[in-house]
Amino acid sequence: MKREIIITSDGSTTIHLPDWDEQYHSKHGAIQEAYHVYINNGLKVIDKEEISILEIGFGTGLNCFITYIESDKIIDYVGIEAYPVPIKEVAEMNYVSELKAEDKKEVFEEIHNCSWEEKHVISDKFSLTKQEKFFSEIDDVNKYDLIYFDAFGPEKQSDLWTKEIFDKMYAALKLNGVLVTYASKGNVKRAMRSAGFSLKRLAGPIGKWHMLRATKI
Numbered sequence: 093m094k095r096e097i098i099i100t101s102d103g104s105t106t107i108h109l110p111d112w113d114e115q116y117h118s119k120h121g122a123i124q125e126a127y128h129v130y131i132n133n134g135l136k137v138i139d140k141e142e143i144s145i146l147e148i149g150f151g152t153g154l155n156c157f158i159t160y161i162e163s164d165k166i167i168d169y170v171g172i173e174a175y176p177v178p179i180k181e182v183a184e185m186n187y188v189s190e191l192k193a194e195d196k197k198e199v200f201e202e203i204h205n206c207s208w209e210e211k212h213v214i215s216d217k218f219s220l221t222k223q224e225k226f227f228s229e230i231d232d233v234n235k236y237d238l239i240y241f242d243a244f245g246p247e248k249q250s251d252l253w254t255k256e257i258f259d260k261m262y263a264a265l266k267l268n269g270v271l272v273t274y275a276s277k278g279n280v281k282r283a284m285r286s287a288g289f290s291l292k293r294l295a296g297p298i299g300k301w302h303m304l305r306a307t308k309i
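Residue numbers (this note's numbering): 93 to 309.
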């Protein structure tokens, strides 16, 4: 499948898949979307000093890198990705400069260069485990406080937004754990509710009316 590096509206890069007319992040701004959905409406609502995070769709590592930058809490981060982004494409992402995080450039590189299937201590407060597998293979139970659900959109990969997948997400979360995602379509809400989640519809990032925050109750 053809892949292109494009600049989104806030100046940050993403990967565009022309055959699908889909991209890894919002064309209205990769960084602004990450902050709005996953940091401001996800990470910052978890009132714990130690937080375990599961990312569904590790992709370019943007959510992981911003989480590292923004949190002063102890983070145990697990990123799931069935098709890891080639290092050549990672090198074309401009997140370090756009985030004005030149002092953390080595961290961004380590996030991508560290081996898969092993836990890596990135700092005294941040550990990372990358797992190369399909979302359907997740079998964790009561493990995470927060899930970043950042799969390709339900219009392009509807099989990633089913009750069966959200059953797995519900099982993986601890009681009162939270899942956040940019999507808010009716079929997504129905699948989440069927899995047992309590939903809250929130204002979306630039370019989207709404997003969802789901809580395990």
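It is possible that part of the hints are untrue.
[What the hints assert, rightly or not] Quick list of in silico lysine-lysine cross-link-like pairs, BS3-like style, CA-CA up to 25 Å:
#: 1; residue 1: 248; residue 2: 136
#: 2; residue 1: 136; residue 2: 165
#: 3; residue 1: 300; residue 2: 180
#: 4; residue 1: 140; residue 2: 119
#: 5; residue 1: 192; residue 2: 255
#: 6; residue 1: 260; residue 2: 140
#: 7; residue 1: 235; residue 2: 248
#: 8; residue 1: 281; residue 2: 266
#: 9; residue 1: 165; residue 2: 94
#: 10; residue 1: 136; residue 2: 281
#: 11; residue 1: 248; residue 2: 292
#: 12; residue 1: 192; residue 2: 165
#: 13; residue 1: 248; residue 2: 94
#: 14; residue 1: 260; residue 2: 119
#: 15; residue 1: 211; residue 2: 281
#: 16; residue 1: 248; residue 2: 211
The hints are simulated quantities; they were obtained by calculation from the structure and are not laboratory data. Computed from a prediction, not measured in an experiment: that's the story for all the values here.
Hint by hint, here is what the structure shows:
Taking the CA atoms of residue 248 and residue 136, the gap is near 29 Å; set against the 25 Å cutoff, the hint is violated. Note on residue 136 and residue 165: the hinted pairing holds, with a Cα-Cα distance of about 11 Å set against a maximum of 25 Å. At roughly 30 Å between alpha-carbon atoms, residue 300 and residue 180 are farther apart than 25 Å, so this suggested pair is violated. A C-alpha spacing of about 33 Å is found between residue 140 and residue 119, which places the hinted pair above 25 Å, so the restraint is violated.
Note on residue 192 and residue 255: the hinted pairing is violated, with a Cα-Cα distance of about 40 Å set against a maximum of 25 Å. Proximity of residue 260 to residue 140 is assessed by CA-CA distance (about 23 Å); at most 25 Å being required, the pair is judged to hold. Restraint check for residue 235 and residue 248: not satisfied, since their Cα atoms lie roughly 29 Å apart, outside the 25 Å limit. Simply put, residue 281 and residue 266 have alpha-carbon atoms about 20 Å apart, close enough for the 25 Å limit, and the pair holds.
Between residue 165 and residue 94 the CA atoms are separated by roughly 39 Å; this puts the pair beyond 25 Å, and the hint is violated. Distance check on the hinted pair: residue 136 and residue 281 sit about 23 Å apart at the alpha-carbon level, within 25 Å; holds. Restraint check for residue 248 and residue 292: the C-alpha separation of about 24 Å stays at or below 25 Å, so the hint holds. With a C-alpha separation of about 21 Å, the suggested pair residue 192 and residue 165 falls inside the 25 Å cut-off, and the hint holds.
Our distance criterion of 25 Å between C-alpha atoms is met by residue 248 and residue 94, whose separation comes to about 15 Å. A distance of roughly 29 Å separates the Cα atoms of residue 260 and residue 119; the hinted pair therefore is violated under the 25 Å criterion. The straight-line distance between the Cα atoms of residue 211 and residue 281 is roughly 33 Å, outside the 25 Å bound, and the hint therefore fails. For the given pair, residue 248 sits about 31 Å from residue 211 by alpha-carbon distance, which is inconsistent with the 25 Å threshold.
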